[in-house]
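Undergrad: These are the residues of each chain, in order.
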Amino acid sequence: MTGNEKLKALKALLDSLSFRDLTLTLDLLVTGAVVYFYASSLMMAGAQQLASGVWISQLLIKVVGVSIALSIVSQLLLELVSDGDVDKPMDEREKQVSLVGNKYALWTLQAGICFAIGQYALEQNGLGVAERTALPFFTLHIMVGAFLLAELVNYATQLIRNRMVTRYG
Amino acid sequence: MAECTIKNQIRTLRFMAGEMTQKELAERVGVTRQTIMAIEAAKYSPSLEVAFKIARVFGEPLEAVFQYTGNDTGI
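The listed protein sequences correspond, in order, to chains A and B. Going by the working numbering, 65 is the number at position 65 of the first sequence; the sequence numbering is gapless. Going by the working numbering, 217 is the number at position 48 of the second sequence; the sequence numbering is gapless.
One thing to keep in mind: the hints can contain errors.
As the list claims (entries may be wrong) - Here are a few chain A residues that face chain B, going by a calculated C-beta distance under 8 Å: (1) 18; (2) 91; (3) 92; (4) 93; (5) 94; (6) 162.
To be verified - Computed spacing ranges between beta-carbons, pair by pair: (7) A:78 - B:199: 19 to 25 Å; (8) A:41 - B:221: 50 to 56 Å; (9) B:216 - A:45: 49 to 55 Å; (10) B:236 - A:41: 56 to 62 Å.
Everything labelled a hint here was simulated from the structure, so no lab data went into it. Ideal Cβ placement from N, Cα and C applies to all residues, glycine included.
Between the sequences and the hints, there should be enough to build the whole structure, so can you do that?
TA: Spelled out as structure tokens, the structure:
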């Protein structure tokens, strides 16, 4: 593919993007950044920090803070480029796609919660991962991870479904 | 995704309506351009309400815009 063809393909892609696609892409990026912040904080933490309930609580507060700050920035960006589209409600197809995204997000969250319950039960019997690793709050991390993963699945599913339905076959 | 069995004449009708754009049709029906694109490409079946609105924009009866091509007899 030549440079000119790539440019044409990019223009066609941007032309086919709806405001909803743009919103979902930004939401996906924000959630990805939050996941990166949470995971990198855990990986860089020492064993003493990981075992501290206070440190974990502070980390969770920071995660919420980062999430709110990034959401505000993304909303401001959308407001700037929207041309009034921000206030428009979703149409019937977008609502259906949103429901599909919510369904897969719920499944992800339920799987994560089941996994956390299993880990908790094992931990209470001295068989859990937390007993053998330096992650005493492993059950909590599973739940936070499931929540974040569910958000990623929700936005990614909606983006994919939107692209599937609007591309010419 | 299963191909829907409702075909339509929206592209032809847009052409006959003075090359009406998808954006213009979307605004008149009250949906997004992507939804019109999906309906036109038979990748999404609209609700009855949207189908009637599209037919009304072109001043045509519903069956002139949408045709059911499934081979089941119904009932």
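Undergrad: For every hint, state whether the structure bears it out.
TA: Evaluated hints:
1. 18: holds, 4 Å
2. 91: Cβ of residue 91 of chain A sits 4 Å from chain B, so the hint holds.
3. 92: Given a least distance of 5 Å, the restraint on residue 92 of chain A holds.
4. 93: holds, 4 Å
5. 94: Hint holds; residue 94 of chain A Cβ to chain B Cβ min 7 Å, cut 8 Å.
6. 162: Given a least distance of 7 Å, the restraint on residue 162 of chain A holds.
7. A:78 - B:199: 19 to 25 Å: With a Cβ separation near 21 Å, residue 78 of chain A and residue 199 of chain B satisfy 19 to 25 Å, so the hint holds.
8. A:41 - B:221: 50 to 56 Å: Once the Cβ atoms are compared, 54 Å apart, the range 50 to 56 Å for residue 221 of chain B and residue 41 of chain A holds.
9. B:216 - A:45: 49 to 55 Å: holds, 51 Å
10. B:236 - A:41: 56 to 62 Å: Since residue 236 of chain B and residue 41 of chain A have Cβ atoms about 58 Å apart, the given range 56 to 62 Å holds.
Hint compliance for this structure: every hint is met.
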